[in-house]
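Assemble the complex: chain F is given as a structure, and chain S must be docked to it using the hints.
For reference, the chains in residue letters:
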Amino acid sequence: MPYFIDRRLNPKGKSLANRQRFLRRARAQIREAVQKSLKDSAVADIVKERKVKISAKGTREPRFRLDPKAAGERDFVMPGNREYMPGDEIKKPKSDEDGGRGKQAADYAEGEDDFEFVMRQEEVLDIFFEDLELPNLVRTMLKETPNTVWKRAGITTSGSPAQINLIRTMRNAHGRRLAMRRPSLSDVKALEDELDRLERQDPQTEETRAKMAALKETLAKANAKRRWVGFIDPVDVRYNSFTEQPVPTSQAVMFCLMDVSGSMGEREKDLAKRFYMLLHLFLRRRYERVDIVFIRHTHDAQEVDEQEFFYSRQSGGTIVSTALDKMLEIQRERYTTSDWNIYAAQASDGYTQSGDARRCVEMLNADIMPLCQYYAYIEILDEREMEVFASEDSGAELWRAYRTVAGLWSNFATKRISKPADIFPVFHELFKKTENAG
Amino acid sequence: MSSGSNLLFTEAEWDFEALDRTYKAIEEVALNDLKLDVYPNQVEVISSEQMLDAYSSLGMPLMYNHWSFGKLFAREETMYRAGYSALAYEIVINSSPCISYLLEENTMTMQALVMAHAAFGHNHFFKNNYLFRQWTNAEGILEYLAFAKKYIAACEERHGREAVESVLDAAHALMNQGVFRYRRPPRPSKERVLEKRRRRAEYEEEAYNDLWRTLPVGVEPPGAPPTLEDDDEFGGDMKLPEENLLYFLEKHSPTLKAWQREVLRIVRNLAQYFYPQRQTKVMNEGCATFVHHAIMNLLYDRGLISEGSLLEFLHSHTSVVFQPEFNDPRYSGINPYALGFAMMSDIRRIAENPSEEDREWFPAFAGSGDWIGALKDAWSNYRDESFIEQFLSPRLMREFRMFALFDKAEESTYKVSAIHNEGGYRKVRSLLAGQYDVGTTDPNIQVVGAALKGDRTLFLDHHMHRGVPLHHAAKELVVTHIEQLWGHDVVLQEAAD
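Keeping their order, the protein sequence lines are chains F and S.
The first sequence lines up with residues 1 to 438 when you count with my numbering.
The second sequence lines up with residues 1 to 497 when you count with my numbering.
Here chain S stands alone, though its shape is the one from the complex:
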């Protein structure tokens, strides 16, 4: 192929025609060469201010109003203006169509990179990963957010801003304890949302003191709705213990009004929607970064982008996957882009060009040559924890020079428990995997009882993992929030397991 004549773009400035041409070329590579499977794409060009907007509302294009988003915006804006942080590389929304944002200031090369990264990399991951498929509803999320925004605005109008704000504050504090980890949450479809809304409206007309008996029935969870008629024993019908505090409060709080329950439900649904993202940071970014890297290189190989573009892309790519070492002042944990990209590239290497060691560790696909199949299988069926446990190779551990530390609170030193050597690979790998298990990194807090016949004290248990307690000051603050939602005393006990 002769160079120059086939270039998709030559200028640094972008225009819509160049975007369109480039998108089509990227799509061609993504679907035919990489065999990706994506939601339809919607690419939006936005200004930096709009990027900040989106950034500060959890990356969603629409969101109900709350002061914490304003706080985030103020913080981001200050950082951005001071030049401390570059704007988000890209924002992509797990929805169908999959919306990705292009920043207007980007050069054409960067736009190509972002389209490859977001509109194909992330998009494929959202559509295929089991967690997203199982736990989120890409078709319904935007509609649901529109409903949430409207509903909360209506509540503010009806009940006053402060009242709504205090419920939201409390609910936000419990977001990480507001997800179902093991059973599948019901997905809010449009019909159901409308139906719910209608029922809510009727419901609000009624007196709320009859709430105990007339809780909206049949919405969730699957199975019999909780009834509270025979609450002789603590938690007899509350299906205790319950790990989803927001769900429990929504269904069983003796003091909340119908609209407050709905607000809790909104926050809970959001928490559930974001839950898979929290569990797949490394994989999601790794997948997207790998995809953009592969696509950009293929485009270059086919003479579709110039050498200058490739260099610009590589410069940006390298800074994204940079991993400072632990004693570097820039170190702030393991960079998910770096680890993810390294692992994805490593899988390709193992499939195409394995060493003896790789054959021993990864007999399933080492040398198979089908790296696309191996990667797609990983992207579909794993989350960070299991992915690392399964696919982190000794070679990568050596490259990253990983070592594991044992930390006991009382002692003044950390102990090096394993390093990147023959005896330590398995241990380092499984400890690193454990670091990505939200089941152990999030405190395990459950509702264990409620003295409904007595003073209505609510009992919570924190099952301590290896004796690590909750942060004391934060705990007190959050418990205050729970008390506000429950309306009575709340006792949170910490017990070792």
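Extracted from the complex, chain F is given alone in its bound form:
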């Protein structure tokens, strides 16, 4: 008896549990591989699935097996002899692990050395963000919920006249009228017409008079009933009900501020770009909607589009505070704090007109920091400078000034970077899980 079963509609992903176990098991190797591949590849590629190659360490499945290369003797049979006669000698194929026992870990191998597989995007990102948490996010998003919205919540029997639900009310009234057998206007009219007709009859017989008396009585009853069974009764009235529901703010705006004066070359801009993109990606994971505002500045600041932001060059001095002004202006105009979570990322090479740093600090402390969820400042140095400024405390005027801000605000971060490889660690540190996030 054949017995066919169509299993195609069975739930998919039966092996998901195993996959998760495997990912957990190889966590260390996978993390290493993912982070390495993220560092080397274009940032925009982070939202794709990727092939990662992990070392077999940690996911080895060792078994006892024989190693005829090491010692001893054996016989084996192969197909395809064309020329050999008994007694012939054939050179053993060169293998790089001759001598067997020497390098243990390396030659454990046999198909078990490096292991390559495709990771889905979520898996990559999960690893990427593993122990990162948006700073102070919990506070705004989940605890304080100043935003509320009125939502319909059905029908009630009490409320203000403005909220009367006419359809419901009329329907109830109609039902009640039917149930109470309230004579309708047309019923009354018909009675009146009949009475009228009878009254007009010229020779009024006894019969008609009796009919008229009966009709009058009926009419009176009907009118009385119409009086005490109201067209609309208070019990019919229904009101729309609304309740207030809190909505978490789920949109963020990210201000990208960058110095585009001559001192910022391609290298600096490239570094800054990667930084912005990582931040953007991170925000995108947390918020439904993320807006980006690009503000470039030299001695004055402009809002520009992304292309111009990264690729056009301007000459001029450097006044950082103009960019902060611009940011505040845009924020007031378009991004109220009640609706938007505000993030700012500023990149610069650290130079600004003397005296401007002080003004920046004032603006940050007084106006900007109270609005921002997070403000990150990266200073892009070349490697030589990096060595000079090995200590966090030393640095140019802007750096020192920003350090004081960082001292006051926990959601203000400053970092120096000098090469692509620095970006990821910076990022990691900027968004490290804050212990007392709640």
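Be a bit skeptical, because a hint or two may be false.
[To be verified] Reference excerpt, derived from the structure (chain F facing chain S, CB under 8 Å, subset only):
1. Arg25
2. Lys69
3. Asn81
4. Pro86
5. Asp88
Derived by calculation from the structure, the hints in this document are not laboratory data.
The beta-carbon is built from N, C-alpha and C at its ideal position, and this holds for glycine as well.
For chain S alone, coordinates are given in the frame of chain F:
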């Protein structure tokens, strides 16, 4: 028979009616013409993802969770997506009813081929081969797996995922040393599983430090359960030497808790279940391939499938039984499908149309004409090693151009010790047979002693066959696993025989 009108199917696309019609036609041929004897069949249509799923859980429809299956899946999926490997041709489970999987993407011809191959070829082999009959329990396996899956999930819940995982890791490492080679293992029947489970549950309530004395009794092996009261001498009551390391650890490890022993038992039972398959790769595939070849050709002869289908079938069949030569970059050992199919076809040829040479080598059935009887006898009573030793004909050795090499580790060359000629047939044949003897290809490792009164060191011996040692790095890793299960030091000595 007029052509066209009797065709079982004409379209490449399949549907359930065509499957049903075709199945019945195949069954007719299989049972009446080939006289096969099969378990009831259950044919399941699955998607490619489900095939990968099944593939990565040892081909079983349900399996406990372990990361290694996830690893296998990731690897297979990557290969599949990159187009390196086609999906498994078919998967069939040695169970009753015998479950075979059809991939939804297959054409109707391929579905017919797979049904003939799996639902009749493999099925017959599973039901009749002595190893499977003796060592596995087709009726109980699915129930047992369901129990295993549940039990391991419960353990994870109770004892934590890591704890369970580390026992499974260690047990998997010993799977090849977790089988009884010479005595028959007890088969887990449903009642017994339930009984065991109940007893386990009670047992876990008790304190485990009394374990030494209260090991569950009477479960296995047949005979007296090991008692450990007078362990004055090493292994006095452990029935040493013991070749089944998993069994030994399950019964005698001083540190394992009851649930850990049960986990070892589960892995051991699985290893035992798969043991016959490891010994009959050539025969099993040979049998199935021969059967599908015979059935498809008979269907064609009777006008039930079209010439186009036959060509499609032959194309697929030929690539399955392709055997690259040793110096071909595609060579990766002898293809069990190729050797198996060639030998089965050869037996038929010898029975029907023998040469003088065949009569001399196979007097028992050469020219008897009863090829079905000869094949069925071979399928029932042999395993790869004995089958090759008995049935590989000189003609086939010539066809495959087989030659034997002698390999001594210290020397820089292999020596050709025999080739496919008059003086070499017997030697080539018996060396090839030896290559399929898991008794010599698996390392022979035994428990020889345990210092129970002392520091509880466990002593293992590897009896080296012809001086071939264990792979060093792998050995160290596996010994670490054994130490974890034993709870004390483990010494593995290698001795020449």
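Outcome of the hint check:
For the restraint placing F:Arg25 at the interface with chain S, the shortest Cβ-Cβ distance is roughly 4 Å, inside the 8 Å limit, so the hint holds. Contact between F:Lys69 and chain S, as hinted, is supported at the beta carbon level, the nearest pair being about 6 Å apart and thus within 8 Å. Checking F:Asn81 against chain S: minimum C-beta separation of about 4 Å stays under 8 Å; hint holds. The criterion of a C-beta within 8 Å of any C-beta in chain S is met by F:Pro86, whose closest approach is roughly 6 Å, and the hint holds.
Evaluation of the F:Asp88 hint against chain S yields a held restraint, the C-beta minimum of about 4 Å falling below 8 Å.
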